[in-house]
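Use these hints to put chains B and C onto chain A, whose structure you have.
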Amino acid sequence: MNPTDLTSLSPSLATLPALPALVAALVALFAKTTLTSVLQVLARLRAGVFPIPEDARLLRKKQADAEAPFVRRCANVWRNDTENLPLFFALAVVYVLLGASAEAARLLFGSYVLLRYAHSAVFLLGLQPWRALLYLSGMAVCWVIAWKSLLLAGLMG
Amino acid sequence: MNPTDLTSLSPSLATLPALPALVAALVALFAKTTLTSVLQVLARLRAGVFPIPEDARLLRKKQADAEAPFVRRCANVWRNDTENLPLFFALAVVYVLLGASAEAARLLFGSYVLLRYAHSAVFLLGLQPWRALLYLSGMAVCWVIAWKSLLLAGLMG
Amino acid sequence: MNPTDLTSLSPSLATLPALPALVAALVALFAKTTLTSVLQVLARLRAGVFPIPEDARLLRKKQADAEAPFVRRCANVWRNDTENLPLFFALAVVYVLLGASAEAARLLFGSYVLLRYAHSAVFLLGLQPWRALLYLSGMAVCWVIAWKSLLLAGLMG
Chain A
1 MNPTDLTSLS PSLATLPALP ALVAALVALF AKTTLTSVLQ VLARLRAGVF PIPEDARLLR
61 KKQADAEAPF VRRCANVWRN DTENLPLFFA LAVVYVLLGA SAEAARLLFG SYVLLRYAHS
121 AVFLLGLQPW RALLYLSGMA VCWVIAWKSL LLAGLMG
Chain B
1 MNPTDLTSLS PSLATLPALP ALVAALVALF AKTTLTSVLQ VLARLRAGVF PIPEDARLLR
61 KKQADAEAPF VRRCANVWRN DTENLPLFFA LAVVYVLLGA SAEAARLLFG SYVLLRYAHS
121 AVFLLGLQPW RALLYLSGMA VCWVIAWKSL LLAGLMG
Chain C
1 MNPTDLTSLS PSLATLPALP ALVAALVALF AKTTLTSVLQ VLARLRAGVF PIPEDARLLR
61 KKQADAEAPF VRRCANVWRN DTENLPLFFA LAVVYVLLGA SAEAARLLFG SYVLLRYAHS
121 AVFLLGLQPW RALLYLSGMA VCWVIAWKSL LLAGLMG
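Residue numbers (the numbering used here), protein chains in the order written: chain A, 1 to 157; chain B, 1 to 157; chain C, 1 to 157.
Isolated chain A (complex conformation) (with noise of 0.2 angstroms):
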């Protein structure tokens, strides 16, 4: 099915061309915390260290008051994913909704997904200055993407 065809269907998507750009980053950034998800749960199994007294006995081990450290790496690239998705989930949408154009929508939600999964492998890996770099840089994209907004909605003059 061509664009054409779906914009008769969706009428969105005719007056928001930037929207499909937003899905693939959506999507490509729920796969990648739904991965981390995946990675902690093994991590937590393959080390046998459980704080939540259920599930120490679901899988009958004693209680622990920590978590393993790779898990609590995994906890941490979750934290600082919760810390940065949600506002970089909102200032998108603005930025669909205010009409972005598909092109520059597209180089700026990708650069995004791209620098936040290098930024948890480099987490997960340990690597610094790198992590700090990757945080930094996805931030700067969250800024652009706030300028440009500020810009279409008509507030920056």
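Please note that a few of the clues may not be correct.
For chains that are exact copies, the list does not tell them apart, and a pair is met inside one copy or across any two.
Claimed, not checked - In the SDA-like style, the derived pairs of lysine to any residue whose C-alpha atoms are separated by at most 25 angstroms in a straight line are:
| id | residue 1 | residue 2 |
| --- | --- | --- |
| 1 | LYS32 | PHE70 |
| 2 | LYS32 | VAL49 |
| 3 | LYS32 | TYR135 |
| 4 | LYS61 | VAL38 |
| 5 | LYS62 | VAL122 |
| 6 | LYS32 | GLU103 |
| 7 | LYS148 | THR36 |
These aren't lab readings, by the way, just hints derived from the structure by calculation.
Using the frame of chain A, we list chains B and C on its own:
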């Protein structure tokens, strides 16, 4: 007021038939997190355990090193929600913008809300393997929304 | 450029009058969380306490068991924001999509932003009962947005 009158007020309702289902789901999930906060505050007051110094001073208690067990359980529910709800919100908004039907949205959003209410309940009660199964079911619903959004956006051929 | 010119560029601005207010609120909240991150990094460098091993190595310090007190305070502000901002974002986007008026959105979004800035400030300063009162006021604004969205969606009779 019937829906036909409303669409004359809001142009979005005419072109985005799944929007009311999203509003209902959001409000239901907001009610759930509000309830978690209330439970957490009540549990903290009842245990009399306050790790933040100004909270301990306000209630004339000694500052504690860690939260009471049930307060930690509420914090786990919150953490799990902060990891999962924002992705659902973003996927659901995009799905609605792509012109999802009211029926499909009611079914998917309704299932997700029920699964997350059940997940929070069994997490608070400490029931496994139910917590894991409900978590995975909620993720599965989100993946269905992601898949349908990719199709509606014309990104899957 | 005046708003009338802009609506000819973006079809959303013509039908979604509250969209500029949402952009302004999002950018203000993004500035707040960016500031929290900067404060947290500065506090961690100043205390010289690094619980993540590669951070300790990078700065040639011994790995610590826990964060310094003010870094923990910043983490608490972040955690509180991750619990509250995504729900505001989702409710606000839906409220805008339902055709909320620019005036109502400016008042509600503006109040929420001010209350969350004040909440972060008193949390960092350790002032109770102000933190609790500002938290509850922010929640109340979200409930007003939720209620108005239910009305606009025709879900409350």
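Query raised in the report: Is it within, between, both, or neither for LYS32 and VAL49, if the alpha carbons may be no more than 25 angstroms apart?
Result: For LYS32 and VAL49, only the intra-copy Cα distance (24 angstroms) is at most 25 angstroms; the inter-copy one is 30 angstroms.
Report task. Please work out whether the CA atoms of LYS148 and THR36 approach to 25 angstroms or closer within one copy, between two copies, in both situations, or in neither? Result -> between (31 angstroms within a copy, 23 angstroms between copies)
Requested in this report: Up to 25 angstroms between alpha-carbons, please classify LYS62 paired with VAL122: within, between, both or neither.
Outcome: So LYS62 and VAL122 pass the 25 angstroms test across copies only (21 angstroms; inside, 32 angstroms).
Query - Status of PHE70 relative to LYS32 across identical chains (alpha carbons, at most 25 angstroms) - result: Cα proximity of LYS32 and PHE70: one copy only (17 angstroms, versus 31 angstroms across).
Query raised in the report: Checking LYS32 and TYR135: alpha-carbon separation at most 25 angstroms within a copy, between copies, both or neither?
Result: both (16 angstroms within a copy, 17 angstroms between copies)
Report task. Tell me, please, which holds for LYS32 and GLU103 at an alpha-carbon limit of 25 angstroms: within, between, both or neither? Result -> Within. Shortest intra-copy distance 23 angstroms satisfies the 25 angstroms Cα cut-off; inter-copy 29 angstroms does not.
Query raised in the report: Under a CA distance limit of 25 angstroms, which applies to LYS61 and VAL38: within one copy, between copies, both, or neither?
Result: This pair counts as within: shortest intra-copy Cα distance 20 angstroms, inter-copy 32 angstroms.
Going down the numbered hints, you'll see the structure goes against none, and every one checks out.
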